[in-house]
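Asks: What follows is each chain in one-letter form.
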Amino acid sequence: MENAAERQEGMADDLWTKCPACKGITFRKEVERNLNVCLKCDYHFRLTVEQRLAVTIDRGTWRERFAELAGTDPLEFIDSKPYPERLAQARRATGRNDAVVVGTGKIEGQRAAVGIMDFSFMGGSMGIVVGEKLARLFDYAAEQRLGVIVFSSSGGARMQEGALALMQMAKVALAIGRLRDARLPYISVLCDPTAGGVAASFSMLGDLNIAEPGALVGFAGRRVIEQTTNERLPDSFQRAEFLLEHGMLDMIVARDRMRFTLATLLRMLTSNSRKAAPGRGQARKAHRS
Amino acid sequence: MMPEHDFGAHMEFPQPDIEAQLEALDDRMTHARSAREKSALRAERRRLERKWAASLSAIERVRMARNPARPQTLDYIAALFKGFIEIHGDRRFADDGAIVAGLGYFNRRPVAIVGHQRGRSTRERLERNFGKPRPEGYRKAARVYELAERFALPLVTFVDTQGADPGVGAEERGQAEAIARNLELMGRLTVPVISCVIGEGGSGGALALGVANIIVMQEYASYSVITPEGCAAILWRADGPEKVAVAAAALKLSAPDLMAAGIIDQIVAEPPGGAHRDPAAAAKNLGAAIKTHLARLSKLGPAELRWHRERKFAAIGAAFIERRSIASRADIE
Ligand SMILES: [Zn+2]
Chain A
1 MENAAERQEG
11 MADDLWTKCP
21 ACKGITFRKE
31 VERNLNVCLK
41 CDYHFRLTVE
51 QRLAVTIDRG
61 TWRERFAELA
71 GTDPLEFIDS
81 KPYPERLAQA
91 RRATGRNDAV
101 VVGTGKIEGQ
111 RAAVGIMDFS
121 FMGGSMGIVV
131 GEKLARLFDY
141 AAEQRLGVIV
151 FSSSGGARMQ
161 EGALALMQMA
171 KVALAIGRLR
181 DARLPYISVL
191 CDPTAGGVAA
201 SFSMLGDLNI
211 AEPGALVGFA
221 GRRVIEQTTN
231 ERLPDSFQRA
241 EFLLEHGMLD
251 MIVARDRMRF
261 TLATLLRMLT
271 SNSRKAAPGR
281 GQARKAHRS
Chain B
1001 MMPEHDFGAH
1011 MEFPQPDIEA
1021 QLEALDDRMT
1031 HARSAREKSA
1041 LRAERRRLER
1051 KWAASLSAIE
1061 RVRMARNPAR
1071 PQTLDYIAAL
1081 FKGFIEIHGD
1091 RRFADDGAIV
1101 AGLGYFNRRP
1111 VAIVGHQRGR
1121 STRERLERNF
1131 GKPRPEGYRK
1141 AARVYELAER
1151 FALPLVTFVD
1161 TQGADPGVGA
1171 EERGQAEAIA
1181 RNLELMGRLT
1191 VPVISCVIGE
1201 GGSGGALALG
1211 VANIIVMQEY
1221 ASYSVITPEG
1231 CAAILWRADG
1241 PEKVAVAAAA
1251 LKLSAPDLMA
1261 AGIIDQIVAE
1271 PPGGAHRDPA
1281 AAAKNLGAAI
1291 KTHLARLSKL
1301 GPAELRWHRE
1311 RKFAAIGAAF
1321 IERRSIASRA
1331 DIE
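If you read the sequences in order, they're chains A and B. Anchor point for the first sequence: position 269 equals 269 in the numbering used here, and the numbering is continuous, going up by one each time. Start counting at 1 in the second sequence, then tack on 1000, and there's your number in the numbering used here.
Because the hints were derived from the structure by calculation, they are not lab data. Please note that the accuracy of each hint is not assured.
[Unchecked claim] Beta-carbon label-pair distances, calculated as ranges:
1) ASN272/A <-> ALA1303/B: 24 to 30 Å
2) ALA54/A <-> PHE1084/B: 57 to 63 Å
3) ARG223/A <-> GLN1021/B: 55 to 61 Å
4) ASP73/A <-> ALA1280/B: 56 to 62 Å
5) ALA1069/B <-> ASN272/A: 41 to 47 Å
[Claimed, not checked] A few chain A residues that don't get close to chain B, going by computed Cβ distances all over 12 Å:
6) THR26
7) THR72
8) VAL253
Just so it is clear, CB atoms sit at the ideal spot from N, CA and C, and this is done for glycine as well.
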């Protein structure tokens, strides 16, 4: 959230963009042409869902699904304002019902089921609707025999939906289990930031886990760890490079190589899918024995 | 500072006047002369107990759940299982005392058991990291889940943690991955899985033991996406007791709340004043619940057991979704 504010500040001028990493000032158009990566230091700016789609999916192939699913207010939750007001505000600002967009599209000609989290919608937090849409995406992919790619960007579970939000971690993990039994690949792309209950469910469950350079990824919040352990943590803590070093990621992929990498991996992992994959019923039977 | 280690909050009867009234009743009961007088006094006592239970606020319930005197996993294992054999270690890094795992007999039937253990004495609490597991704890649990699957043993888990350990080492060794893996693993088991929430069910660190066919919750246990302290710090930017109490109420974390939300399957009654006042009675109630559910689940075949669990979790929250057409910008290219 604080980084989002920083980014806003950086975007204050329409023509110019200030990089939060190197503080360099560049023509906004030039940064956008460079996939929103700083030309001076390679800092990867956070992308909106629309920007992510534009740099990932082949033109004219995207088809959104389950967009109409919308949340209500199960707990009648009120903090500084009522939850329905927060939802309405986020909906107005994003033009979306909730914090994830799911659908199908092609990546360099490879058809895939794709989910993209929207960090600008209540910090990308996962409540019932995010859980439901992702679970449906995985099940739809299993049915249609598609690989799945999810771009995570989230502060974690949505507190305003309480334990119902917590249970979505399991709901999505179980759907991933079904996709795995169908022998279809799931590639998780961890974008800045991925934390808490989202990190501790589908984001870390990819057959392959990929992160964007510099992405913050972790379970516990940095401040909580600092308060608990009474030590200052280096800026490198919980960054993608830290995770790669500790064996939690398969690779860090820069934005200009992401499309190509995803398409290649999908192609490799699904090349024998007809031969190797038993049907859903067979997968169940196999599991029993 | 966030009172992450707020275990010292003993709170048996929050309203001393009620406690005094109960004691007076008990005193009169011992001196009661007729059976009729006795039963009238007993009824009066039950009425008072109910009044007390109904008057508990959310934060008082959380304190009840955290009370170190409350029976913990090892107490229930001792009371409900015979011949318990504890197993240790994740075969990767270490043995985590915050999670107890092993095999034992439940009514002559061998079962696998996994639970959080918070500890009671200062020394035990330190040894057990206050019941906050590290990745190695979750990986030890995963080993037992796999054992249960391979040898067709029902799995019983006890949930009792404020949450997974927030530490540097835990992050380095993949806390998020360890929890995530357990969610998927528990989900795909083809044996009966019963989860008992016996204290505080805190976020993903609790759920990694909670993906069950049946979730039962003790009357004064709590289950939440985040601690009230954590929630107050983030949403109210406050750590005072007042805001923590407000956050606890907002989170709807009590057993009746979870029952109403369609998450848990049964509330297990506790003795008056809480499980710690009569641990044997608390264990008896919990054992009866496990027995009933295990008998029911045992009628299902392996594939059905997994399907049953998948349906349960797929349905959680579905009642709170509506269809709302929206001109999504993602459609515009
Ligand atoms: Zn820069």
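Asks: Hint by hint, work out which the structure violates, then give me just those numbers in ascending order.
Replies: 3, 4, 5 and 7
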